[in-house]
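2 protein chains.
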Amino acid sequence: MTESESATVDLEIIVQGAQEGKKLELRLWLRMLSTTKLISQEIRRRLRNEFGATLPQFDLMAQLYREREGLRLGELSKRTMVTNGNVTGLVERLEADGLVQRVTPDGDRRVTVAKLTAKGETSFSAMAAAHEGWLRDMMADVEPAIVSELWRDIGAVKSSVSNHLSGADFD
Amino acid sequence: MTESESATVDLEIIVQGAQEGKKLELRLWLRMLSTTKLISQEIRRRLRNEFGATLPQFDLMAQLYREREGLRLGELSKRTMVTNGNVTGLVERLEADGLVQRVTPDGDRRVTVAKLTAKGETSFSAMAAAHEGWLRDMMADVEPAIVSELWRDIGAVKSSVSNHLSGADFD
DNA sequence: GTCAAACCTTTGACATTTCAAATATCGTCC
DNA sequence: GGACGATATTTGAAATGTCAAAGGTTTGAC
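Which chain is which? The protein sequence lines are V and X, in order.
With this note's numbering applied, the first sequence has no gaps in its numbers, which climb one by one up to 171 at the end.
With this note's numbering applied, the second sequence has no gaps in its numbers, which climb one by one up to 171 at the end.
No lab work stands behind these hints: they were computed from the structure.
Mixed in with the good hints, there may be bad ones.
Copies of the same chain are indistinguishable here, so a pair counts whether it falls within one copy or spans any two.
Said to hold, decoys possible - Result set (SDA-like, lysine to any residue): computed pairs, CA atoms no more than 20 Å apart in a straight line: (1) 119 - 62; (2) 115 - 105; (3) 37 - 81; (4) 115 - 82; (5) 22 - 125; (6) 158 - 33; (7) 115 - 56; (8) 78 - 62; (9) 37 - 58; (10) 37 - 140.
Model the full assembly from the supplied sequences, consistent with the hints where possible.
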């Protein structure tokens with residue numbers, strides 16, 4: 001490649017605002033992944049230290065908290081994006097701790113419905129408030145306008161990904 | 001709060017384009033988390049179906065691929081954001097599959113260096129190419145300019161989070 | 001009514017994950 | 001040259017995660 005060719009190419013790339021060149025999607029993914037891991041680990045640590053809870057337990061309880069009537073395990077599995085088998089164990093442990101209660105409805109004995117106990121609601125309520133504060137703190141240096149933009153644009157990413165899944169995952 | 005005060009507040013919120021009101025950071029976090037899970041699961045499924053590999057193994061091999069001399073397990077742990085104990089098991093299994101090789105350098109017998117084998121390099125190379133394509137496909141509906149913006153802005157989030165960690169995590 | 005297909009959850013095998021404690025080695029101070 | 005603190009990895013317990021297969025239950029077709 002001659003000097004002038006090289007200069008031209010560089011210019012084009014710069015003009016396109018993509019000096020990173022190819023693999024932009026890959027780079028975005030790696031950054032999303034590492035950022036998500038970072039935040040997850042921080043939340044996990046704080047949940048553990050301040051409440052003796054785990055993140056998956058918190059996630060599961062969050063779903064039950066907004067459905068006071070309780071949810072079937074399959075529905076919980078979908079909402080938490082966790083496999084069925086995993087939900088079984090999670091709910092078992094939460095039940096052992098008295099935070100969740102399992103009920104088999106009269107109509108359909110195949111079904112198990114999980115529901116927060118009073119203790120579970122109290123417990124989750126405290127964790128949720130702290131959790132929200134942690135996130136505000138962690139993102140304190142990001143402009144609110146940027147946070148909104150990110151929320152919107154990541155929604156677009158999620159949409160695109162949903163439309164290009166190989167498996168049979170549709171909603 | 002009087003009625004007129006309330007009305008004023010509502011108006012401000014609407015004008016700011018934040019009818020979601022508070023908890024913007026929380027909403028961003030939930031969306032980041034679910035999107036990341038969605039993509040992870042898709043990549044996991046494809047790695048499994050097409051290559052018989054797992055995502056953590058792929059991540060680990062990716063680090064070794066760009067450091068052909070190999071990496072100490074502690075360094076691998078930092079780069080993959082995985083705990084030390086976890087790296088031990090991952091490397092063990094990869095070694096059993098003949099993809100990675102462990103060496104203890106002469107100078108310091110505390111250290112273990114993991115390095116891709118020839119088979120590991122070939123294997124990873126194929127997976128990496130496919131992996132990059134999967135991401136491009138999944139994000140195909142997102143404008144390149146948006147992808148760039150996201151990359152930049154998520155960088156800002158990561159920065160902010162890094163500066164507000166409670167633990168002793170600094171780089 | 002009965003059988004088969006569909007549905008919901010659990011189970012079992014295995015991999016990944018964290019944390020804390022244990023192990024092993026190195027470097028240094030005296 | 002021995003003890004101590006710092007480093008580096010491994011181990012062990014418990015939880016989370018996937019997948020596939022097995023268990024009950026219900027429903028619908030006949």
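Exercise. Check residue 115 against residue 56 for me: Cα-Cα at most 20 Å, and say if that holds within a copy, between copies, both or neither.
Key: within (16 Å within a copy, 34 Å between copies)
Practice problem: Since the copies are identical, ignore which copy is meant and state whether residue 37 and residue 140 lie within 20 Å (CA to CA) inside a copy, between copies, both or neither. | Solution: within (18 Å within a copy, 24 Å between copies)
Quiz item: From the Cα coordinates, with 20 Å as the cut-off, is the pair residue 115 and residue 105 best called within, between, both, or neither?
Solution: Within one copy only: 12 Å inside, 55 Å across.
Practice problem: Since the copies are identical, ignore which copy is meant and state whether residue 37 and residue 58 lie within 20 Å (CA to CA) inside a copy, between copies, both or neither. | Solution: both (16 Å within a copy, 16 Å between copies)
Practice problem: At 20 Å max between alpha carbons, let me know whether residue 22 reaches residue 125 within a copy, between copies, both or neither. | Solution: between (45 Å within a copy, 17 Å between copies)
Self-check item: 20 Å Cα threshold - placement of residue 62 relative to residue 78
Solution: Only inside one copy: residue 78 and residue 62 sit 13 Å apart there, 31 Å across copies, limit 20 Å.
Quiz prompt | Homomeric proximity label, residue 115 with residue 82: Cα distance no greater than 20 Å | solution = within (17 Å within a copy, 33 Å between copies)
Quiz prompt | Identical-chain pair category, residue 37 with residue 81, by Cα at 20 Å | solution = both (16 Å within a copy, 8 Å between copies)
Quiz item: Taking 20 Å as the upper bound on the Cα-Cα distance, should residue 158 and residue 33 be classified as within, between, both, or neither?
Solution: both (14 Å within a copy, 11 Å between copies)
Self-check item: Homo-oligomer pair classification [residue 62, residue 119; C-alpha up to 20 Å]
Solution: So residue 119 and residue 62 pass the 20 Å test inside one copy only (14 Å; across, 45 Å).
Violated hints: none; the structure is consistent with every hint.
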